[in-house]
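Asker: What follows is the residue order along each chain.
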Amino acid sequence: MALDIGGKTIATDEEGYLENLNDWTPEVATAMALAEETPVALNDEHWEIINFLREYYEEYQIAPAVRVLTKAVGKRLGADKGNSKYLYSLFPYGPGKQACKYAGLPKPTGCV
Amino acid sequence: MAKKFLYLNRKAPYGSVYALESLEVVLIAAAFEQEVSLAFLDDGVYQIAKGQNPKAIGMKNFSPTYNALGDYGITKMYVERESLAERGLTEDDLMPIVYEDEDDDYAEKPSVQVVSRMEMAQIMAEQDVTFSF
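Protein chains in written order, with the working numbering: chain E, 1 to 112; chain L, 1 to 133.
Hints are computed from structural coordinates only; laboratory data are not their basis.
Being a predicted model, the structure only gives us computed values, none of them experimental.
Glycine included, each C-beta is placed from N, C-alpha and C at the ideal position.
Don't take each hint at face value.
[What the hints assert, rightly or not] When the alpha-carbon atoms are kept at most 27 angstroms apart in a straight line, the in silico BS3-like pairs for lysine-lysine are as follows:
| id | chain 1 | residue 1 | chain 2 | residue 2 |
| --- | --- | --- | --- | --- |
| 1 | L | K109 | L | K3 |
| 2 | E | K75 | L | K55 |
| 3 | E | K107 | L | K60 |
| 4 | E | K97 | E | K107 |
| 5 | L | K55 | E | K71 |
| 6 | L | K11 | E | K71 |
| 7 | L | K4 | E | K71 |
| 8 | L | K3 | L | K55 |
| 9 | L | K60 | E | K97 |
[Unchecked claim] What follows is a list of derived Cβ distance ranges for each label pair:
| id | chain 1 | residue 1 | chain 2 | residue 2 | range |
| --- | --- | --- | --- | --- | --- |
| 10 | L | E86 | E | D80 | 19 to 29 angstroms |
| 11 | L | I57 | E | D4 | 33 to 43 angstroms |
| 12 | E | S84 | L | E21 | 55 to 65 angstroms |
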């Protein structure tokens, strides 16, 4: 699979994750969201989580498991956001998988 | 019921894939809410050494990931004192890995415990499951 970003082809795996993590730009995230079966227009709430995940990866070099993500978001952005209900409302395919994909991270370890 | 899992790490981080594979398995086990602890012996002590930079050999430095283990509920990382000494290392050469204790107002506490070979044998004997990497 591949994404077309302004004429540039970005390689993704069969599940839509980036082949090369360095290919990520905000435009990649936008294009991935719009390419969903039900296209998603990313808003500020989505970006808050996507940016959080990119910082997490920068610091720890892993995509967090969803349980860990939920806890970490709660600590950083408050309990009203650090809960499954909020995160699933933004990323209905699963905040671990879907948000990590848009953030250009690998699929979280332990995710099947 | 949660079982006690101990992951023994005996090899240097970059010469083989053992260290990284162990870390991946540890993350998976922790996601299943088991009681997971890690042990570092022999050349495995280098896995949590400070200041790793494997860029020149084209490898990713995965040592920052050990700092995330606290968030996965992994709060015990045993390091064998004799293995450190045999390599001219001390606890100061190891990354200061911490976890936040939820039962103590999220106070940061050290995850790394340097133990003697005798104590390590005792720790191994207490486990339900031991994996050696």
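Asker: Decide, hint by hint, whether the structure agrees.
Answerer: Status of the hints after comparison with the structure:
1. This hinted pair checks out: K109 (chain L) and K3 (chain L) have alpha carbons roughly 23 angstroms apart, not beyond 27 angstroms.
2. Proposed proximity of K75 (chain E) and K55 (chain L) is contradicted: the alpha carbons are some 32 angstroms apart, above 27 angstroms.
3. Of the supplied pair hints, the one linking K107 (chain E) and K60 (chain L) holds, its CA atoms being roughly 17 angstroms apart against a limit of 27 angstroms.
4. Simply put, K97 (chain E) and K107 (chain E) have alpha-carbon atoms about 6 angstroms apart, close enough for the 27 angstroms limit, and the pair holds.
5. Taking the CA atoms of K55 (chain L) and K71 (chain E), the gap is about 32 angstroms. The hint is violated against a cut of 27 angstroms.
6. Taking the CA atoms of K11 (chain L) and K71 (chain E), the gap is about 32 angstroms. The hint is violated against a cut of 27 angstroms.
7. At most 27 angstroms may separate the alpha-carbon atoms for a hinted pair to count; K4 (chain L) and K71 (chain E) meet this at roughly 23 angstroms.
8. Our distance criterion of 27 angstroms between C-alpha atoms is broken by K3 (chain L) and K55 (chain L), whose separation comes to about 37 angstroms.
9. Restraint check for K60 (chain L) and K97 (chain E): satisfied, since their Cα atoms lie roughly 22 angstroms apart, inside the 27 angstroms limit.
10. Distance hint check: the CB atoms of E86 (chain L) and D80 (chain E) are about 52 angstroms apart, inconsistent with the given range 19 to 29 angstroms.
11. For I57 (chain L) and D4 (chain E), the Cβ-Cβ distance of about 35 angstroms falls inside the hinted range of 33 to 43 angstroms, so the restraint holds.
12. Restraint check, S84 (chain E) to E21 (chain L): a C-beta distance of roughly 30 angstroms breaks the suggested window 55 to 65 angstroms.
Figure legend: structure checked against the earlier numbered hints; hints not met, in rising order: 2, 5, 6, 8, 10 and 12.
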